[in-house]
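Chains as they are written, first to last, in the numbering used here: chain A, 1 to 585; chain B, 1 to 390.
One or more hints might be untrue.
No more than 27 Å apart at the CA atoms, straight line, and that leaves these computed lysine-lysine pairs for DSS-like [to be verified]:
1) K54(B) <-> K120(B)
2) K27(A) <-> K97(A)
3) K54(B) <-> K82(A)
4) K82(A) <-> K169(A)
5) K10(B) <-> K54(B)
6) K373(B) <-> K27(A)
7) K10(B) <-> K169(A)
8) K30(A) <-> K373(B)
9) K10(B) <-> K97(A)
10) K236(B) <-> K30(A)
11) K169(A) <-> K70(A)
Source of the hints: derived by calculation from the structure; they are not laboratory data.
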Amino acid sequence: MAFNFNWSPLIADTSRARDMLTTALNKSPKPPIIVDDILVTELNLGSVPPELEILEIGDLAEDRFRGIFKMSYTGDAFLTLKTRVQANPLNTYLSTKPSFASPQPLAASSGLTIPLQITLSDIRLSGFVILVFSRQKGLTLVFRNDPLESLKVSSTFDSIPFVRDYLQKEIEGQLRVLFMEDLPAILHQLSLRLWSPDYRELDNSNGLQEGNKDGTIPIDPLSSPPQNPVDGFGNPITDSETSPFFLDDSTQTHASFSQKNLLRLGALAQSHRTLSLFTPGIREAVFRAWAGTTESKEHSGAATPALTLSSFSRAHSSMGLSTLSSAYSASDGVESGPSSSSRPTLSSFNSAIGHGLTLGANRSRAHAQRKRKRRVVNLRKDKNDDNASDTASITTGASTPAPSVIVSEPLPEREEDLVTPPRSPAKNVRFSARRQSGEYAADSPARSPRARPSTAEYPAQENIKLSLPPQKHLSPDAKPVHESTTSSAARSRPPLRLHHPTPSTSAIPLLRTLSAEKLPFTTTAQPVDPFSPSSSSGGILEQAWMMKMANEIARKVQDEKRRQSQASNESAGFWEMPPPAYSSV
Amino acid sequence: MLGFMDYVQKAFLEASNWNQDNSYSTLTATAQALLDFETPRGLRLNVSSLASPKFASSYTIGTVGLVDGSLSYLYSSLPLEARFKSSEIDLHHVIQGYRQLQDLRQPDQSWWWEVWHKGKRVDRRDALLYGRLFLPQSTLEALYLRRLSPSRQLKISAVSDARLPNGGTILTLLQNDFGKYSTEYLYSTDSALLGVRGLYNFGPDPRTATSADVQAEPVYGRFSAGAELYYGLLNKSGGMSTGIRFTTLPQHTGFPYTMTLTLNPLMGNLSSTYAVKAGQNLALCSRFDFNFYSYESDLQLGCELWRRRGPNAEVEWASKMLRPDWERPAVRPDGDVAGVLKARVDQNWRAGVLWEGRIRELLFTLGTSFDLKRRDHIFRAVGVELQYST
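Could you build all of it, start to finish, from the sequences and the hints given here?
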């Protein structure tokens with residue numbers, strides 16, 4: 001597989017980028033030494049493209065892409081800024097001081113504003129970049145760490161060491177902010193303007209700059225479906241038409257959960273974190289309080305995906321790591337069949353911990369389906385030696401026969417596996433599957449919100465359903481899959497990966513990531529999602545971090561395995577376990 | 001208009017025979033009063049009182065953004081005798097306008113201050129303590145002023161605010177005024193700033209001049225020159241300026257005027273001001289700034305117009321008929337002042353207008369600043385300040 005990154009068109013026209021950069025630079029309060037607007041007069045991306053090392057690709061199609069890169073840049077890009085600065089140190093010094101205790105010089109503080117031209121060159125960058133692109137939702141680029149290694153600031157004042165050092169320091173600070181906060185926003189906007197004219201009126205504040213706790217500003221363009229999608233000729237597109245274009249079909253969330261239910265579930269989940277005594281009643285759900293979120297980490301995965309805030313983070317927000325949170329899978333598979341990427345990563349750990357149920361199944365399955373078109377490519381080497389499983393876990397087609405649930409050793413390190421999310425057309429499958437598993441779902445206390453058996457009760461779901469083609473492909477597999485799932489002591493989780501190679505093939509998307517929230521990435525900054533602030537879901541971002549954690553987790557897994565062997569007897573208990581809370585890590 | 005506490009401090013200086021005008025920092029006081037006056041923002045109420053001749057308190061509440069306010073207290077070891085009631089304050093004292101310099105006065109001899117009682121010196125140095133707490137910002141201002149000797153004064157001002165680096169700053173200022181010349185030394189804890197200011201008055205030395213000399217050869221004007229120098233120890237940066245001033249003295253027969261020229265050689269800034277009191281009611285001022293490094297220039301014009309009440313026509317005939325020995329109603333020193341209008345404008349058409357005066361018992365300041373170039377957003381700030389004091 002090869003990627004062709006075309007650098008030259010980026011160099012061609014930078015006027016718009018310049019304008020945006022100018023706006024971004026003038027937005028934040030400027031230090032007192034700068035007395036005028038900062039104008040970006042020249043922006044040249046240079047002829048040397050950055051070096052990208054692909055660490056992982058979570059999703060790949062003509063109109064969408066998700067991946068994590070290691071980027072290093074030593075090119076010849078340069079940026080020229082113009083502004084006016086206050087050259088009198090006494091003036092800037094006094095401007096920030098209270099007048100009461102100021103020396104109040106007569107004329108010694110009179111200003112001398114000097115036009116200043118700053119050229120930033122020799123920019124050295126290196127860092128992890130998470131790139132998410134979808135034609136509908138634009139481009140999201142986030143730096144996992146502070147990418148700026150060094151740069152050279154040359155200005156009008158190079159001959160004055162004091163000023164030069166000051167400028168160097170100030171500009172480096174500003175640039176760090178720019179890279180971490182402003183640049184993602186700029187790029188996102190730029191891409192929206194480029195590809196999606198509907199977003200032009202979207203203002204920046206609409207979720208572009210939501211910061212999450214660790215300071216990286218993830219933007220999840222995927223979480224917001226286009227408001228008024230139109231085709232190339234400006235004709236409006238209906239939902240059903242657009243759904244195939246969605247990275248992860250955005251309607252699925254709304255299909256699975258009505259807005260009301262989302263709110264309720266959110267309130268329920270919130271009630272863990274507050275002292276509120278109010279827990280909204282949700283039918284067919286048994287609410288069990290946790291002692292705390294930390295505990296939930298311990299008993300990862302097992303249960304009540306629906307109760308965690310995280311679970312609401314949409315499937316698509318998990319950036320392309322196919323999660324197989326097997327813990328959720330039983331209910332999820334049923335519920336949100338079409339769902340997206342399953343992430344083997346975190347959730348799989350959890351699941352492994354929770355029950356020692358089989359993750360190995362997929363491996364074998366994967367093998368079987370090698371011939372099929374692969375949607376998921378794992379480009380990374382398995383870094384965990386202790387993980388015997390081959391990393392090639394490339395899941396494909398729904399055509400897999402009912403997955404056998406194999407109790408094998410858990411694969412905690414499966415994070416490398418990338419599974420392409422199946423798409424929306426599969427929805428109908430989901431419903432049918434759900435019906436079958438309805439009984440099963442009902443008795444599991446944890447599965448409540450998602451596992452509402454009767455779709456009719458939820459208008460949102462119904463609507464979606466209507467929009468879908470009626471029973472287009474009801475995969476025969478669906479039934480066996482779910483049966484097997486349930487049959488396997490019901491508490492055993494469903495096969496790790498069942499995914500359709502193509503959306504058109506009615507696949508049985510069994511799995512859905514519920515644990516997306518754990519990932520620091522993808523803040524769903526979209527108003528529709530009531531839980532967005534808390535549920536910072538991540539995706540690929542996690543990866544880098546994950547590797548560091550792998551050892552620790554592996555150890556945990558061993559412990560859990562031991563434990564789970566006992567636990568498997570009392571299978572019902574699994575479902576009571578709270579979902580993992582990685583957010584606290 | 002001076003705030004109540006500023007007025008009290010000014011009264012303290014006057015009571016202790018300190019000449020504020022003889023300092024390099026007040027070289028351009030006239031131009032500053034006519035061109036750099038502050039226009040109030042929002043509504044501000046000030047209630048103050050001089051509870052005793054030595055103690056004053058003042059409370060301010062304002063609406064800038066949210067409601068904010070301040071409490072301030074002042075103690076003076078020197079009994080203050082001036083009139084502080086807002087109904088009695090002489091507006092000439094609280095409204096800063098064209099500043100007419102007086103003749104230099106010979107500083108008191110130090111032995112004048114000595115008070116002996118039963119063979120011991122019992123005199124104390126006059127001091128002033130002042131504190132002001134701003135709420136809700138929790139900013140504290142404190143001032144300690146002490147007349148060390150007839151020609152020397154120590155002023156320590158401090159600001160405590162959690163938002164400031166190091167939690168606050170202290171400025172120590174030592175002022176010497178020998179009449180003929182004055183010097184000031186200052187130190188600020190902020191970046192360890194050291195400063196020196198000096199002003200020298202050309203002409204006869206008040207310390208040696210006798211009254212006979214003055215009458216023989218009256219002096220119509222005074223020429224002064226000064227300089228200031230600052231250096232921040234921590235940030236290794238400094239600043240300086242020099243300035244000259246010529247101003248007419250009260251003996252001058254024509255209209256009074258003041259000219260200043262200040263130069264900042266480091267920054268290339270040259271500023272000249274010319275203020276003239278064109279009549280009893282009108283003062284005009286202009287300032288021209290030019291920077292010979294950046295070729296930037298600025299021009300500001302300002303004026304001050306005192307509005308006086310004419311004689312009351314309805315009762316004028318009656319008052320004329322009063323016999324000389326009849327008791328007449330007491331006339332306030334500024335009884336004829338209805339208000340003062342100040343206006344300024346600069347070359348960028350930014351303008352400010354201030355109307356100060358008295359309504360019944362209240363002193364008011366009504367002002368606005370606006371930008372004539374921006375049609376959509378002309379008014380930048382509008383404000384009213386009301387002061388009441390007893």
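These are the hints, each one checked on the structure:
Under the criterion of a C-alpha separation no larger than 27 Å, the hint pairing K54(B) with K120(B) is consistent with the structure, at around 25 Å. For the proposed pair K27(A) and K97(A), the alpha carbon gap of about 23 Å is at most 27 Å, so the pair holds. The hinted pair formed by K54(B) and K82(A) fails the criterion: a straight-line CA distance of about 57 Å is larger than 27 Å. Of the pairs offered as hints, the one joining K82(A) and K169(A) holds, with about 17 Å between alpha carbons and a cut-off of 27 Å not exceeded.
For a cut-off of 27 Å, the pair hint linking K10(B) to K54(B) stands: about 14 Å separates their Cα positions. For the hint pairing K373(B) with K27(A), the CA-to-CA distance comes to about 23 Å; that is within 27 Å, so the pair holds. In summary, the hint linking K10(B) to K169(A) is not supported, as the alpha carbons are separated by about 45 Å, beyond the 27 Å threshold. Taken as a hint, the K30(A) and K373(B) pair is honoured in the structure, with Cα atoms around 24 Å apart against an allowance of 27 Å.
Restraint check for K10(B) and K97(A): satisfied, since their Cα atoms lie roughly 24 Å apart, inside the 27 Å limit. For the proposed pair K236(B) and K30(A), the alpha carbon gap of about 23 Å is at most 27 Å, so the pair holds. Simply put, K169(A) and K70(A) have alpha-carbon atoms about 26 Å apart, close enough for the 27 Å limit, and the pair holds.
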